[in-house]
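**Q** What follows is each chain in one-letter form.
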Amino acid sequence: MIKLDYPFKKSDIKKLKVGDMVLISGKMFTGRDAVHHKIHKGAKPPVDLKNQIIYHCGPVVLETSKGKYEVKAAGPTTSIREEPYQWEVMRDYGIVGVIGKGGMGPKTLAACKKYGCVYMHAIGGAAQVLAEKIVSVDNVYWKELGSPEAIWELTVKDFPVVITMDSHGNSLHSEVESASAKKLQSLL
Amino acid sequence: MKLLIKGGTMTKEKTKTELNKDLHDSLLELIRITSTVIPDDVQRVIMKALKSEKKNTSAKYAMDIIDANIKMAKMKSQPICQDTGTIVFKVYHPAGFSQLDFRKVIEKAVIKATKLGYLRQNSVNSLTGKNDCMNVGGGHPQINFIETTKKNIDVKLMLKGGGCENVGAQYAMPYTTLDAGRDLAGVRKVILDAIQKAQGKGCGPGTLGVCIGGDRASGYAHAKEQLLRTMDDENPIKELAKLEKDIVTTANKLGIGPMGFGGKTTLLGCKIGAINRLPASYYVSISYMCWAFRRQGISLNKNQKISKWLY
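Protein chains in written order, with my numbering: chain A, 1 to 188; chain B, 1 to 311.
Rather than coming from a laboratory, the hints here were simulated on the basis of the structure. Note that beta-carbon positions come from the ideal geometry of N, C-alpha and C, so glycine has one too. Incorrect hints may appear among the rest.
[Said to hold, decoys possible] Simulated DEER-style distance windows between Cβ atoms:
id : chain 1 : residue 1 : chain 2 : residue 2 : range
1  : A       : M1        : B       : G139      : 43 to 49 angstroms
2  : B       : A241      : A       : S65       : 24 to 30 angstroms
3  : A       : K17       : B       : K51       : 43 to 49 angstroms
4  : B       : A241      : A       : A181      : 25 to 31 angstroms
5  : A       : E88       : B       : K150      : 55 to 61 angstroms
6  : B       : E239      : A       : I2        : 46 to 52 angstroms
7  : B       : K150      : A       : D5        : 56 to 62 angstroms
8  : B       : P279      : A       : D92       : 54 to 60 angstroms
[To be verified] Straight-line Cα separation of at most 30 angstroms, DSS-like style, residue types lysine-lysine; simulated pairs:
id : chain 1 : residue 1 : chain 2 : residue 2
9  : A       : K183      : B       : K242
10 : A       : K27       : B       : K242
11 : B       : K151      : B       : K21
12 : B       : K55       : B       : K197
The following block holds chain A by itself, in its conformation from the complex:
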């Protein structure tokens, strides 16, 4: 198990390779479809994303008292929908990586290499195990997008991910995809 601790540094990100199992401790910001679409349309993110991690996640959050929140469930959402936008966020706002599920495509992979980012795969559907790693909900931005689509600022401890796209041009997803396509041909 590799530990990745806040504040995140591009030099640490460079060391990560496809297949590494990593425990993240520190800060992350949720951001999914509406957030990426809004940034793509020209809106400036409400927080400084330099050296930060974006988590593709729409959590179940309950407001326990005014301005106090509790995350009830928080697994990753499918990342490929952000494929048209993710590379821009990597280029313009200096993030070090994204967490999601299902992997991303060639645009994101190229941006990971160019801007020194990684794609980290969390276990889809594991909303309880992952919510348990959230120590606190520190803030919420763009709440008008609705709870699942808002930007939630979270502090996590030992959040488990697998590196499936690294900053050296490797993607587990494209490997598995081409191997399984070849295998399928022989089974049809």
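Given the coordinates of chain A, assemble chain B onto it according to the supplied hints.
**A** Same frame as chain A, but now just chain B:
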């Protein structure tokens, strides 16, 4: 209640199933259990898959986290997955039953379950992008009423997340890309193609509901209906039973594995049904269900309390 004239005097005859307060609580409990507890039949195949993955691999790591997640969700009574999905109710009821009244009680229970965090605020206006925050309205929740000859009411519920819904597929046969014709050999080809295309994006290892025939709408509906069958049941149609087994065995040779990490288990199950088609159409509709297979059902007694869990 309806007034009847009988022997010259007016008497009241009960013609409707009266709904009471316990019904709301029974439906709320159905939602809570469906969102937080994996059905036994699904749990058994997940445990089998967990044991088949090699130690120290990403696939095993994924299955271990899935296992821990199932246990934790049950213990904490919190959603297995944050995407609590499209809410699909099936209500099997006797004659003399008000669907409108029943719908109102379901909607109340859904709102309550959302406030309690068993359901995410998951219903978005497709034009304005506004989240209604309550999961009610604009076609949500989905409720299908089915009249039966039984005296009691059964309610089934499926929560189907968006990630797995997105990897569903429908093929109009013949599908020339794969040289797949209008027969079971062709059906086999397109099902395997859909599994390969889905990769790990539908939160595999998943389960397929498949429909052969129908039109574009009834095909998908019947495919989802197949997901109400238990994992260990046997298809009464021999050819389909054989095809179901073949699909699972063959899919697990593709090496896609849990989450698409590579590994032994790509598919947990496959359930195939067939309905009639028009001479001109031959659809194969495939609905993908994630490992977090959330479906449950209850039988209600005459007081509308839960008398039995159906899975």
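**Q** Are the hints correct? Go through all of them and say.
**A** Status of each hint after checking the structure:
no. : hint                                : in the structure
1   : A:M1 x B:G139: 43 to 49 angstroms   : holds (45 angstroms)
2   : B:A241 x A:S65: 24 to 30 angstroms  : violated (55 angstroms)
3   : A:K17 x B:K51: 43 to 49 angstroms   : violated (28 angstroms)
4   : B:A241 x A:A181: 25 to 31 angstroms : holds (28 angstroms)
5   : A:E88 x B:K150: 55 to 61 angstroms  : holds (57 angstroms)
6   : B:E239 x A:I2: 46 to 52 angstroms   : holds (50 angstroms)
7   : B:K150 x A:D5: 56 to 62 angstroms   : holds (60 angstroms)
8   : B:P279 x A:D92: 54 to 60 angstroms  : holds (55 angstroms)
9   : A:K183 x B:K242                     : holds (22 angstroms)
10  : A:K27 x B:K242                      : violated (51 angstroms)
11  : B:K151 x B:K21                      : holds (19 angstroms)
12  : B:K55 x B:K197                      : holds (27 angstroms)
Violated hints, listed in ascending order, are 2, 3 and 10; each of the other numbered hints is respected by the structure.
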